[in-house]
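Enquirer: Chain by chain, the residues:
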Amino acid sequence: MLAKPLWYHFFADTLVFSFRLIAQRQLSVLPNVLSTSMMNPAGEQARRIAQLTNYFFIAASFVLLVVTVLTVLFLYKFRAKAGDAEPKQIKRNVKVELVMVGVPLAMVVFFFFLTVKTMRAVLPQHHDRAPDVIVTGHQWWWEVQYPLANVTTANEVHLPVGKPVLVELKSADVIHDWWVPELGNKMDMIPDRENFLWITVHEAGYYQGACSEFCGTQHAWMRIQVYADSDTDFNNFITSHQPVAQTPTSPLAQTGERIFNTMTCGDCHRINGTAANGDDAPDLTHFASRRTMLTGMLPNDARHVHQFLANPQAVKSGVHMPNFALDDTSQNALVAYLTQLK
Amino acid sequence: MESLLHVPEPAEPLPSATTRRGLLEWISSVDHKQVGIMYQWVALLFFLAGGALALMMRVQLSVANNRFLSPEVYNQFFTMHGTVMIFFVLMPALIGAGVYLVPLMIGANEMAYPRLNALSMWLTLFGGLLLFFSFLTGGAPDAGWFNYAPLTEEVYTGSGINYYCMGLLIAGIGSVAAGLNFVVTILKMRVPDMSLKRMPLFVWMMLITAFLILGALPSLNAALSMLLLDRLLHAMFFVNTHGSPLLWQHLFWLFGHPEVYILILPAFGIFSEVFPVFSRKPIFGYSFVVASGIAIALLAYGVWMHHMFAAGLGNTVNAFFSASSLLIGVPTGVKIFNWLGTMYGGSIRLRMPMLFAVAFLIEFTIGGLTGIMFAIVPIDWQVTDSYVVVAHLHYVFVGGSLFGVFAGLFYWFPKMSGKMLDEKLGRVFFWLFVIGFNLTFLIQHWLGMIGMPRRVYTYLDFPHYTLFNMISTVGAFLMAASVFVLLWNIFKSIRSGEVAPPDPWDANTLEWYTDSPPSLKNFERVPPVTSDRPLYDFKHSHQPDDAT
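Residue numbers (the numbering used here), protein chains in the order written: chain A, -18 to 323; chain B, 87 to 634.
Heads up, some of the hints might be wrong.
Interface residues of chain B toward chain A, partial, derived using beta-carbon atoms under 10 Å [stated by the list, open to error]:
#, residue
1, 325
2, 368
3, 417
4, 422
5, 462
Just so you know, these hints were derived from the structure itself, not from any lab. We put the beta carbon where it would ideally sit given N, CA and C, even for glycine.
Between the sequences and the hints, there should be enough to build the whole structure, so can you do that?
Expert: So this is what it looks like as structure tokens:
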């Protein structure tokens, strides 16, 4: 038996080992990697795009394989040897050249057909239907409105499962972009333009996305969080967000409310039921019901609210929130007020 | 003619290891060979600067929630990295190659406008220096290399954007002048027998590139001037209340997409010289290579809106630009098979230029195929502005344009310096660079598909984000290490490399007929041009190459 070189064993063993892992489903990497992927669609639009992407990958892999195989084959077969005579000086071959043009052209036509078909299915006209949700991009947070229910919130988007939802996308300052890979296509948010997209979520759950158009210093911390709710959960969300803010009961929280109203907080933030009616910063009416703060940057709890109030720039550099240089007691009071805004 | 301005020109043979010449002579030179070489030094200077920026970005991104760079600094670095690599590395390297080679390949002894030629080079250098000067004035530009309005308006960004506008405007004027110079040189200064059908393919590609520059750069220059007026005089071209932020995108990409072909066609030209020489065969389908180059250039002006598929402009307009962008894949694919056809049946010498050419075939095919992804509107809607774009554009700009620059460097270095580059060091450089490059960018396709947007200074610790980013960072350091091997190779070869004969590669075109390095006049006499391979015909004059 011929002795095989070491590299042969190395590659052969690796190959066999990987196949065994995949066969035994021990390769835990694969499902995990796909968990937030556009190839793991959870909505109708994302599904259609993933399907088209799969077709494309098959065609692209074929082309790459042909080019790679030919390159390696020619390199192997036509390597110069000592004393080679001059090769035959072929200049052209009309038949080969026609195939070179014809095959790519056919593939292009095929994919153009699929492009138009999928594009029309993913983004059909909305014919002046009123949007179910309006999301407005701000530097660096999302304003979320449900115009039919008269609800406004921020950063966490709740969508009902199983029906096509029309989302209107706007911007209050620079260009932002909506992207939740598992739920479908991106859409830019451009000042003074009203863009829209359709989202039909198939499975209830929590989906992560991010602003995908560079929008300044904190573009990285402009995460999108979507909660796809069953009908009852969605109705609960709407009804719990319709009333005005809770009035504080504890003395500390009442002090907090006073501080909130005497400082200029209300010029930028809105808390329904109080004098605070600003629209330049996140709506805080039901702030404590949100799971994260600072647009997906930190968990929403007393400690982090405290940290942020003490020095906003140290927590999220560039953020438009001013440092009010509050003393510790005022901070505690404010934290107590904000964390009870369920 | 005493009153005429005296133009200093080198009186001795061109620089080589045996001549020692002063800096002043280089600075005052209008010789196309010296200007061409200075273009390469400019490109190398900015390549090292842009590469250092990229390395620091990769360090910042190596683990989740890293605090190595602040967001402000990171945003300046990625903006500068992109801007510098495109405008001050690839453009000067490729235009400079053209400035050095075009006159030699067409049997001329100068560019048509030598002073304008030098002016173009110096404008490029000073534009780049002005851009970097912004670091000392309170911050470099920080809105990305395509600088979208209204983020670039005074309300949102600092003075760095002014330097972006002025630096690129200065360099842009230089590029337009260079384009004009190429067109006139190529159309008017060829040796009498060299009809357009007998022009070397590199010259053809430079001619097409020159027309692209003349058509595309004015759009950028206009947009930059308008943005400067916005910022300094409150003109409001790109402000949404009075103007339109989308106008910037149209003007920028009307330049920006042809720009991609300005950076790739000269590389195509380089490879179209390398493949035949190192396969010892004529190019397969000369007229197809030329025609597909022209087709790419024409289509280039009609595809810009595929950068704006996610801007919500409607399915009808998206379908049009999808079709035109898909079509551009046809002439590009044709070229790949032209080069493969050239290798077929040849006698392939796998020297350094050919090594880069072969690697290019595969890397560029990957970049080209992911390019098609962005022409298919629904897929583009998912992957645009994600790390898939970062991966794609590096496969095109590095695997395409930069591999072209490297192939050209190893191919023509003997002509420029009179010394051969070291083959062994070259191979170390090649493998380090190719492995590092694929390690850095291949994984980014997956990063993008699992949801990582581009241009973020940090990221959440999602499953595998840190792992993938760390792999990418390791690859970047391999590439950095390879660059030092290249620098050492250049330094060592200039000092003590093997002396290059006039025609070390047994090549086909006229520049190999003259000395290495060429004399000031380039040629005493030129062999008759009977095909696109005049030197081949000359060497085989007993069996003339009669196009059968």
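Enquirer: Each hint: holds or not?
Expert: Evaluation of the provided hints:
1. 325: OK, holds: residue 325 of chain B within 10 Å of chain A, min 9 Å.
2. 368: With a closest approach of 5 Å, the residue 368 of chain B hint holds.
3. 417: 9 Å, holds
4. 422: At 6 Å from the nearest chain A Cβ, residue 422 of chain B passes the 10 Å test, so the hint holds.
5. 462: 5 Å, holds
The structure meets every hint from the earlier list without exception.
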